[in-house]
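Trainee: Keeping the supplied structure of chain W fixed, place chain D upon it in accordance with the hints.
Line by line, the protein sequences give chains W and D.
Counting from 1, position 160 in the first sequence corresponds to residue 160 in this note's numbering; the numbering is continuous, with no gaps.
Counting from 1, position 170 in the second sequence corresponds to residue 170 in this note's numbering; the numbering is continuous, with no gaps.
It should be emphasised that the hints constitute simulated quantities derived from the structure, not laboratory data.
Keep in mind it's a predicted model, so treat the numbers as computed, not measured.
Careful, some of the hints might be misleading.
Claimed, not checked - Derived lysine to aspartate or glutamate pairs resembling EDC-like cross-links, with alpha carbons at most 16 Å apart:
id	chain 1	residue 1	chain 2	residue 2
1	D	Lys552	D	Glu572
2	D	Lys424	D	Glu398
3	D	Lys52	D	Asp101
4	W	Lys20	D	Asp116
5	D	Lys26	W	Asp112
6	D	Lys640	W	Asp51
7	D	Lys26	W	Glu95
8	D	Lys10	W	Asp51
9	D	Lys732	D	Asp747
10	D	Lys552	D	Glu535
Next come the chains, spelled out residue by residue.
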Amino acid sequence: MASPSVAARAPRDRFSTPPKKVVTLHVNGVERTLTVAPWTTLLDALRLHLDLTGTKKGCDHGQCGACTVLLNGRRINSCLTLAVMKDGAQVTTIEGLAQGEALHPLQQAFMDHDAFQCGYCTPGQICSAAGLIAEGHARTTDEIRELMSGNICRCGAYPNIVAAIEEVMLGKSAAKSGETAR
Amino acid sequence: MIAASSHLGKPTSRVDGRSKVTGSAKYAGEYNVPGLAHGFVVSSAVAKGRIKRIDTADALAVNGVLDVLTHQHRPELASEDEKYKDEVAPPGSPFRPLYDDRIHFSGQPVALVVADELETARFAASLLRIEYDRDEHMTDFEAQRSSLEPQLERATWAPEEVPRSRQRGNPAQAFERAAVQIKAEYRSPIEHHNPMEPYATTALWDGDGRITVYDKTQGPQNSRNYVAGVTKMSHDDVRVLSPFVGGAFGSGLRPQYQLPLAVLAARALKRSVRVTLTRQQMFTLGYRSAVAHELALGAARDGGLASLRHDVVAMTSQFEDFQRDIVHWSSLLYRCANSELGQRLVKLDQNTPCDMRGPGGTEGMYAIECAMDELAYAGNVDPLELRLINYSDQDQLEDKRYSSKELRECYRRAAEKFGWSNRKAQPRSMRDGNELVGWGMATGIWEAMQMKASARAVLTANGSVEIASATADMGPGTYTMMTQLAAEMLGLPLENVTAKLGDSALPHAPVEGGSFTTSSVGCAIHAACRAVQKELLAFAQKMPSSPLRGVKLDDVVFVEGKIRHRQGDRREVSIADAMRAGGADRLEKQADAEANENSKLAHYAHSAVFAEVKVDEQLGVIRVTRVVSAVAAGRILNPKLAGSQILGAVVGGIGMALQEETVTDHRFGRFMNHNLAEYHVPVNADVHAIDVIFVEERDDEINPLGVKGVGEIGIVGTAAAVANAVYHATGKRVRDLPITLDKLMRD
Chain W
1 MASPSVAARA
11 PRDRFSTPPK
21 KVVTLHVNGV
31 ERTLTVAPWT
41 TLLDALRLHL
51 DLTGTKKGCD
61 HGQCGACTVL
71 LNGRRINSCL
81 TLAVMKDGAQ
91 VTTIEGLAQG
101 EALHPLQQAF
111 MDHDAFQCGY
121 CTPGQICSAA
131 GLIAEGHART
141 TDEIRELMSG
151 NICRCGAYPN
161 IVAAIEEVML
171 GKSAAKSGET
181 AR
Chain D
1 MIAASSHLGK
11 PTSRVDGRSK
21 VTGSAKYAGE
31 YNVPGLAHGF
41 VVSSAVAKGR
51 IKRIDTADAL
61 AVNGVLDVLT
71 HQHRPELASE
81 DEKYKDEVAP
91 PGSPFRPLYD
101 DRIHFSGQPV
111 ALVVADELET
121 ARFAASLLRI
131 EYDRDEHMTD
141 FEAQRSSLEP
151 QLERATWAPE
161 EVPRSRQRGN
171 PAQAFERAAV
181 QIKAEYRSPI
191 EHHNPMEPYA
201 TTALWDGDGR
211 ITVYDKTQGP
221 QNSRNYVAGV
231 TKMSHDDVRV
241 LSPFVGGAFG
251 SGLRPQYQLP
261 LAVLAARALK
271 RSVRVTLTRQ
281 QMFTLGYRSA
291 VAHELALGAA
301 RDGGLASLRH
311 DVVAMTSQFE
321 DFQRDIVHWS
331 SLLYRCANSE
341 LGQRLVKLDQ
351 NTPCDMRGPG
361 GTEGMYAIEC
371 AMDELAYAGN
381 VDPLELRLIN
391 YSDQDQLEDK
401 RYSSKELREC
411 YRRAAEKFGW
421 SNRKAQPRSM
431 RDGNELVGWG
441 MATGIWEAMQ
451 MKASARAVLT
461 ANGSVEIASA
471 TADMGPGTYT
481 MMTQLAAEML
491 GLPLENVTAK
501 LGDSALPHAP
511 VEGGSFTTSS
521 VGCAIHAACR
531 AVQKELLAFA
541 QKMPSSPLRG
551 VKLDDVVFVE
561 GKIRHRQGDR
571 REVSIADAMR
581 AGGADRLEKQ
591 ADAEANENSK
601 LAHYAHSAVF
611 AEVKVDEQLG
621 VIRVTRVVSA
631 VAAGRILNPK
641 LAGSQILGAV
651 VGGIGMALQE
661 ETVTDHRFGR
671 FMNHNLAEYH
681 VPVNADVHAI
691 DVIFVEERDD
701 EINPLGVKGV
711 GEIGIVGTAA
721 AVANAVYHAT
731 GKRVRDLPIT
741 LDKLMRD
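Here chain W stands alone, though its shape is the one from the complex (with noise of 0.2 Å):
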């Protein structure tokens, strides 16, 4: 190699990087202490220090919603918020939703409606999607369309989607209310 650089290095330092700080997540049930710098995101603190890679980073900006993740029960995306900002938090991310070896209803349902191709926006659309039935606002296949639309597929999937997404919205508020399917 030519010309090794560590001749030409300034003096260390000089462009400090910021002290790190202790945080700490109770993510998927288990509390987790990590001592990350004040600008690592939620995501990156998942993907590199938990090795939680299941939550994916699409865009780094918010604009695709792969790094969609649980915090306390709602829907975030997760590149957009800093790990120091959630310190105590509890977070839910696709590692978390399964019982041991039986799949969440939605992870089922993705499947059985073959609801993805690549896989890589499935974990970020499958915590969405949960996230969406806990906020029950979503009552027509237009308005799951719409409360959806913040996570990109970019294989197209979305009609299977809004079929498994249907399926596990339906088949759970008839068993909870005994009504019937609209």
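Mentor: Frame of chain W; chain D shown alone:
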């Protein structure tokens, strides 16, 4: 041809589905290993010129920064073009990342900052000070194109390098004499693939001079050969893995620059390194070329085509001539005695375009199918009827019969499902409240290719089989296809089969692309399993008083873990017994399947696409409310997964018709909308009912499986069907994609 079966043709769910819904499927940028360093790419701020100076001092002063690679400071790279030419490289001199001081396109990588943490690398990258000697750049496709002479106006025209007959009859004269004439120009813009997974490579430093690389690629062996070539390593010392690929749509056919950068950094630091591109940087990779089309169609009063001329200009880089057949599709598809085709390239200071789902055909068929629609209105013929009038059972370019072509049935079934007979012919004649309703249709056609491939089957005495080939699965369901085929051939349950792919160490496979994976790898699996069958039968016949004595391979079937005589009569031997008789606890066979190159028949998949749009009369907002796509693509091995391929491709076609466009600021020679907020792709709310119909074709000639591939045919006719529906709704013909509402509002 495989007979009726227990696994093929069934709507089997993805065998890798569980790993994808639980988050356990690992993609290239997700292998966290001890000591992993992170590389962040620094991109050129200018479109053309030379790097005068790179000041790395500040970046290197940041705590945690390990090194900054530049063209002046990097491990050795090969100096010959040949080493940089990958399996699918177009003619020319490929781009070489960090090779020298020359800038070929805006956003070209000029440095890699490597640090122990990702954020540190990104921060330090912002501290690099780079001075350039700028040269004048030219990135304006329209400006360059208009400096060319219009092809259709020229009296004589010399066919160029495309090895097909480009002219037949006397198209100019036939056009002049035609009762109905259409002459129109169409435009399709630059588009970017934008798979959800960013391009990423994790290069694992093995410490023994070897390197193991997780790469986002559609061809692990293509990436392996490239790495070995450019870094001068031995093929045996490089292993590339890509077990999961988060979408690619063609962008992963060629090795992308994060691959050599990660490998160079790992070699420089003797440490594992990951390089992941940002979404913005992914717009510096290949793209679908903008295309300008000139079309002239002449027809008799009854709609019979008399003259068909299609001339296009597409774009490429200054250093490679990338082109795909854009114009030949129309002239092979429709019966027309006089036709002329032309295709030219302009060179721009951009990266080289690359294949994007249905490359060439998607752009070409968009234009010809819109022109056919215009001809239908001009001649007062129903658009579907016009296609039937000009239907051909013969490849019109090469004068070959098709091995199979059920396009007529596609038209019929799609039209019936769509309710086409209820269409009112006049534009603006259908409405729903304050929305104008439009119905349009188009034809799709795509080549059914097959490449040489190899597969290995390993059967163990307990009745489990591993099937392996160095292909990829970026979403179509290759794992599932491989599993189904091996289970079918050996008469085993799906659970007994393990499919291995995405590993350069496995038997040869071409890149996954061109809709040829099922035909190529599938036929290799067929051959490998056939070899296993043969040996198993020989084992079974070794048994004392074997019930299969003297029986030929074609006389037996493999079902329920047994080798059974077709005639039944309890003449059967279990696979376990056969293995025992052969004294084998494992049986391994590897076989090749050759490309079907010497066929006298033409091999194409077809589709008929019908679309309904609703357009807000005041605001011009367009919604695609219904699409019906009927596809004839040989035998469908798995209607569930094949259906998803069509569905997804239709969504891609909707994006092409209404949303997708990469916009360049020519002052900087730079793509400006390089993110998912400004480069619009369809989201869930943009997509409504899509019906996929498979018209099965029995094709014994094309290959032993009778398959054609379904990865691309779904997108080919979709944009035109939507565009034609928009015209029917509004009476306004927008001839440049995407059809955005401002173009509808414009007078």
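Trainee: Quickly compare the C-alpha distance for Lys52 of chain D and Asp101 of chain D to 16 Å and report which way the hint goes.
Mentor: holds (7 Å)
Trainee: Tell me if the straight-line CA distance from Lys10 of chain D to Asp51 of chain W falls inside 16 Å.
Mentor: violated (37 Å)
Trainee: Mind checking the alpha carbons of Lys640 of chain D and Asp51 of chain W for me, to see if they're no more than 16 Å apart?
Mentor: Violated: Lys640 of chain D and Asp51 of chain W sit about 33 Å apart, past 16 Å.
Trainee: Please work out if Lys26 of chain D and Glu95 of chain W have their alpha carbons no farther apart than 16 Å.
Mentor: holds (13 Å)
Trainee: Quickly compare the C-alpha distance for Lys732 of chain D and Asp747 of chain D to 16 Å and report which way the hint goes.
Mentor: holds (9 Å)
Trainee: Quick one, are Lys552 of chain D and Glu572 of chain D close enough, alpha carbons at most 16 Å?
Mentor: With a Cα-Cα distance of about 13 Å, the restraint between Lys552 of chain D and Glu572 of chain D holds, given a limit of 16 Å.
Trainee: CA of Lys26 of chain D to CA of Asp112 of chain W, is that 16 Å or under?
Mentor: violated (21 Å)
Trainee: Need the status of pair Lys552 of chain D, Glu535 of chain D: alpha-carbon distance at most 16 Å?
Mentor: holds (12 Å)
Trainee: Are the Cα positions of Lys20 of chain W and Asp116 of chain D separated by 16 Å at most?
Mentor: Within the cut-off at roughly 14 Å; holds.
Trainee: With a cut-off of 16 Å on the C-alpha distance, tell me whether Lys424 of chain D and Glu398 of chain D pass.
Mentor: violated (38 Å)
Hint violations for this structure: numbers 2, 5, 6 and 8, all remaining hints satisfied.
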